[in-house]
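Construct the entire structure; sequences and hints are all you get.
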Amino acid sequence: MKRDLAHDLFQSYKTGFTKKKKVIEERSQTPGDPTLIASVLSELIQQRDWDAGLAEGTLFATWAQVVGPEIGQHTTPLSMLDGRLLVQCSSTAWATQLNLVGPSLLEKIRSSAPGALVESLDFIGPQAPSWKRGLRTISNGRGPRDTYG
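Heads up, the sequence shown is in the working numbering, so the first residue is 4 and it goes up one at a time.
Just to be clear, a hint being listed does not mean it is correct.
Below are the SDA-like pairs computed for lysine to any residue, each with C-alpha atoms no more than 25 Å apart in a straight line [said to hold, decoys possible]:
(1) K111 with G128
(2) K111 with D85
(3) K111 with I74
(4) K111 with L124
(5) K111 with G60
(6) K111 with T78
(7) K111 with V43
(8) K111 with T95
No lab work stands behind these hints, which were simulated from the structure alone.
Here is the structure:
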């Protein structure tokens with residue numbers, strides 16, 4: 004059966020859809036040869052551009068080893084957004100002290116986790132529960148002492 008190019012062109016203008024040929028990549032090995040999982044994963048990471056995400060995940064997982072056992076015991080990394088690493092501290096005193104040594108800690112993080120792209124550090128203290136919403140809230144109340152009783 005012959006293809007009518009004029010008809011195919013008309014159909015593509017009519018529907019806005021054009022047929023695209025699938026590009027099949029050639030494998031360097033012959034089919035059926037076993038491949039090491041490490042090479043398959045490294046190729047997948049490079050193809051999908053996951054290097055920065057994996058470096059950030061590794062930083063979060065090895066936080067205590069990166070910053071040291073004493074700081075790691077009193078801090079927890081919470082999020083990474085636009086190069087800003089948000090770190091929650093066990094007390095406001097720890098947050099204040101770490102704000103003072105932040106630049107040296109940032110250099111330590113950059114040297115031990117080079118792919119993480121950390122540009123700045125934000126330290127916050129512990130979070131108290133919010134009394135603004137919930138089942139037992141009172142409008143114009145005076146805080147947690149008005150929620151029980």
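Could you work out which earlier hints the structure fails to respect and list their numbers in ascending sequence? 7
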